[in-house]
Amino acid sequence: MKKKYFLNANIIDPQNSIDEVGGLIIGENGLIEAVGKKVNTNNIPSREKYIDLKGNYIIPGIVDMRVFVGEPGFEYKENFRTLSEASLSGGVTSVVTMPNTNPIIDNVSIVDFLKRRGRDKAKINIFPTASLTKNLEGTNMTEFGLLQAKGIIGFTDGYKTIQNTRLMSRIMRSAYDLNCLIMQHVEDGELAKDGMVNDGIISTKLGLQGISDLAEKIIIERDLTLLEDFNCRYHISQISSQKSLDVIKRRKENVEFTCGVSINNLSLNENDIGDFRTFLKLSPPLRTEDDRLALIKGVNNDLIDVIVSDHKPEDEEQKRLTFAQAATGASGIETLLPLALELYHNESIKLNKIIKALTCNPAKILKINKGNLSIGNEADFCILDINKPWVVKKENLISKSKNTSIEGRKLQGKVTNTFVKGEELFKI
Amino acid sequence: MANVKKAIKISKKHLLGIQDLSIADVNFILSEAKQFIALNKSKNKKLDILRGKTQINLFFEPSTRTQSSFELAGKRLGADVMSMNLNNSAIKKGETLIDTAMTLNAMHPDIIVVRHQDSGASNLLSQKVNCAVLNAGDGRREHPTQALLDALTIIDRKEKIEGLKIAICGDIVHSRVARSNIYLLNMLGAEVNIIAPSNLMPKDIDKLGVNRFSDMKKGLKDCDIVMMLRLQNERMTSSFLSSNREYYEYYGLTPDKLKFAKDDALIMHPGPMNRGIEIDTNLADDINKSVIKEQVELGVAVRMACLKIFCE
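Protein sequences appear in the order of chains A and B. According to the working numbering, the first sequence is numbered sequentially starting from 1. According to the working numbering, the second sequence is numbered sequentially starting from 1.
Read the hints as simulated data drawn from the structure, not as lab findings. One or more of the hints may lead you astray.
With a Cα cut of at most 30 Å, we get these calculated DSSO-like pairs of lysine-lysine [said to hold, decoys possible]: (1) Lys-243(A) to Lys-12(B); (2) Lys-394(A) to Lys-203(B); (3) Lys-427(A) to Lys-54(A).
Computed spacing ranges between beta-carbons, pair by pair [unchecked claim]: (4) Asn-271(A) to Ser-214(B): 45 to 55 Å; (5) Met-82(B) to Gln-325(A): 19 to 29 Å; (6) Lys-217(B) to Asp-275(A): 32 to 42 Å; (7) Glu-253(A) to Lys-221(B): 43 to 53 Å; (8) Arg-119(A) to Asp-99(B): 33 to 43 Å; (9) Asp-120(A) to Met-82(B): 28 to 38 Å; (10) Gln-325(A) to Asn-105(B): 18 to 28 Å; (11) Asp-99(B) to Glu-190(A): 46 to 56 Å; (12) Met-107(B) to Asn-387(A): 45 to 55 Å.
Positions of the beta carbon are idealized from the N, C-alpha and C atoms, including for glycine.
Please take these sequences and the hints and turn them into a complete structure.
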């Protein structure tokens, strides 16, 4: 690999507190050699060619903490190759994959397969999770220690919640002993049963079963209460309401935990469901505009640490059904950053904060050395034209499934180049 | 009868819900329906307005009165009517609503009447077929022809709706009839009281411009119309109520509770009734108070009007 020089870029690397105009030098080994304002034409040998980015941004490659991949079992929805291509086009260089596959990632024997497929087919970094319970049944714990030793980054039942309180307390104890990361999808199963949308005027009007925001609050309250006893590494996968934030704010004072939010809940509200748009059937559901604004505030106040895509590819057949029958979830990995930038452009959240929630914050929770531009690290980063206008069209999406929640949305900001380990893998 | 008002047109292609209609649309449908009331009482009930047109009744959920009402309405207007009960055929074979719609669409019907257990099903269907779609009830969302026939019944007896105080009482949360009636009665200027135990009251219902009551007596006070709803046990997946006995005690319409309404208050029920659960059996049959049979009768007229208007 040839050495690469980039100059005149707006570099944002929240982990190293870099937010300045400067350059980036990538060594022949794909590692970062130098970064920041000190990098200019004076550091570059005259015979070397450099790329003048003319004010475009360089940010660390995005770490997306919540991604569903269809492999194994649902390759027709998304496989590692298509996920990788879609991710790269959105500046995502590391993903945490959910265990809700077929077979379910719940035992050691499948982890090798997963790692091998991920390595062979994906050009991005794949960090697989395993399920918290065998077969996602919510009754028996998986082998946290053995799975973690095989390279599992964390444990979650994906879009299922551990409903049994006794089991949850035991999971936390084991996770404490083995220093494992637990990621919980927070929703009380009985309260949210058969629910499809936020419980409120929209559910009443559409005649759809509602999901109360209390269903989320109750599990958060319960888990954080349990956490007081055994403070394991605990992460709330994603929250959707003001009420949850109130609990989180109060609990932050005495327990340690982290929290995520889906870009969908930051950018959309229940009114967007309109005339039964099944592409907006999401879990957690889209809630009120007040909730959305509270979540934005939550990111600004550092109550929410991470923004995720909650990328859940579903084929068209699963969405061309009545709302009740349609599958839940939206494809979103390639629009994660551009949609997050909307929050910057409309002055909801500062750019640095957005990048932080997409890069070094998730990396810190996962304890991986990603999401930064530290010297000596693998050069995973992307170049961003922050003002470039474009329109989301499902036919232009790279992901195998086209179930975007923001079809037709006018966005501003697009990744022009993405690099993994110093190698340019995506170019617009 | 023949003086069809060609000048007036409906603003929508499909009848999916009262929500989509304008007040002009509603008045147009009701005025057309009025013309059919006399016809339905006469000896020769057959017209040829829809001769040569094909009407498909697509019922994914069991129904007796709505389906027979639509069938009769179509036949009286001279349409070729085909009724399909799909609650135990294609669906069981794994065919989706859209596939069924496409299949039927290929047969070139002029109008499809659909009932489905899922809210929004008629909207989905209307996006995929070329002909007009009439919603005969979708999940909990809307049942527009029921609300229209209720309005026609009220107008028939009280001459107007504006200014009336109307109570809708019972299983509101599962009721598409309640939702359609709330939209329509509000639109026509009535004051609507919603009465239900909290477990059967949808969230934020007051945002639809109604008054909510969990005390039936308070809710019935000075009402001109008492509309009772059926307790939809088939849609109740977990415990909503302790017992039918207790429900009857607090929310069943009895002579005692009816006293709180106006003396000349009329009783309505979309049927089928659970006698002795939501309504006292004698009250239901009281010809001086109950207009339940009239609702069924005018239902045919309203559906004839809808078929005629939306077929054109």
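In ascending order, which of the hints set out earlier in this document are inconsistent with the structure? 1, 2, 4, 9, 11
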